[in-house]
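**Q** Work the whole structure out from these sequences, hints included.
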Amino acid sequence: MGKIIVIANQKGGVGKTTTAINLAACIAVAERKTLLVDIDPQANATSGVGLTPAEGKTIYQVLVGDARANGAVVETQVPFLSVLPSHINLVGAEIEMVDLERREHRLADALQTVKDDFEFIVVDCPPSLGLLTLNALTAADSVLIPVQCEYFALEGLGQLFNTINMVKKNLNKNLDIEGVLLTMFDSRLRLSNQIYDEVKRYFGDKVFKTLVTRNIRLSEAPSFGKPIILYDALSSGTRNYMELAKEILAKRGKHAEMTSFTGVSPSS
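Residues 0 to 267 (numbering that gives the first Met the number 0) are what the sequence shown spells out, left to right.
Check each hint, because a few of them may be wrong.
Derived pair list, reagent style DSSO-like, types lysine-lysine, alpha-carbon separation capped at 30 Å [what the hints assert, rightly or not]:
id	residue 1	residue 2
1	Lys32	Lys167
2	Lys168	Lys2
3	Lys172	Lys114
4	Lys172	Lys199
5	Lys199	Lys56
6	Lys225	Lys172
7	Lys250	Lys114
8	Lys56	Lys225
9	Lys199	Lys168
10	Lys199	Lys114
11	Lys250	Lys2
12	Lys172	Lys250
13	Lys168	Lys114
14	Lys205	Lys2
15	Lys114	Lys225
In short, the hints are calculated from the structure, not lab data.
**A** Structure follows, in structure tokens:
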């Protein structure tokens, strides 16, 4: 049964969608069947793996009960990686879901039709703590929190953790913190190192060893509809997300033997 990892932070611009796309792709490279679920109305995770958000079966229809999740899943150009796409019409879903039965459990219920088909399910959330994010946290086994190495990096994290604790108490007692991921790290900058020290002080061993460094190729890749491993297999972005995938697989006792599509080991 697939492990559901939600990527969440209500603060925008922290590398949330970048992390969802590239973590899912790198787990898939380890030949683990992976599903990327896009519940952000901006649909950037959908376009970031080369799909054009289109009318039809998307997460919107799934959440409002007009389609089953297993009928909306689409394969991607990455072997072992599929996506449950989003669309701009998801903007209205939170309003529609308010009056629906089990409104906080819509995603959890929907994913029951696909959980047995995948080892990992990675969910990209919108930059808010609304009903869509609540659905993701209610469905999740764990939540991964990206934190940008910039001023005000920890702003809003208190509210996020309050929401996580509320979900644990009332909706999903098994919800765990997968880890805190530092993004846009630059070892040459004093600020990056200060943020790293501060995050480590607050979160201790919940901080991933992997640091996602600033990388132009990583920011370019979504414009070409490709995860970084397809766009530039030798970039630091590829190495970073390969290492993150290895950390997550290792925590679950899964050996990760991963090579890039050029046949070059990411550690080379």
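**Q** Next, verify each hint and record whether it holds.
**A** Here's how the hints hold up against the structure:
1. Lys32 to Lys167: holds, 27 Å
2. Lys168 to Lys2: holds, 20 Å
3. Lys172 to Lys114: holds, 19 Å
4. Lys172 to Lys199: holds, 26 Å
5. Lys199 to Lys56: Not satisfied, since the Cα-Cα distance of roughly 42 Å exceeds 30 Å.
6. Lys225 to Lys172: Given pair Lys225, Lys172 is violated - Cα atoms ~36 Å apart, limit 30 Å.
7. Lys250 to Lys114: holds, 20 Å
8. Lys56 to Lys225: Holds, at about 22 Å.
9. Lys199 to Lys168: Distance of about 26 Å is within 30 Å: holds.
10. Lys199 to Lys114: violated, 33 Å
11. Lys250 to Lys2: Answer holds: Lys250 to Lys2 is near 12 Å, not above 30 Å.
12. Lys172 to Lys250: Roughly 20 Å separates the two Cα atoms, so the pair holds.
13. Lys168 to Lys114: Roughly 24 Å separates the two Cα atoms, so the pair holds.
14. Lys205 to Lys2: Distance ~18 Å between Lys205 and Lys2 Cα, so the pair holds.
15. Lys114 to Lys225: holds, 25 Å
Of the numbered hints listed earlier, those contradicted by the structure are 5, 6 and 10.
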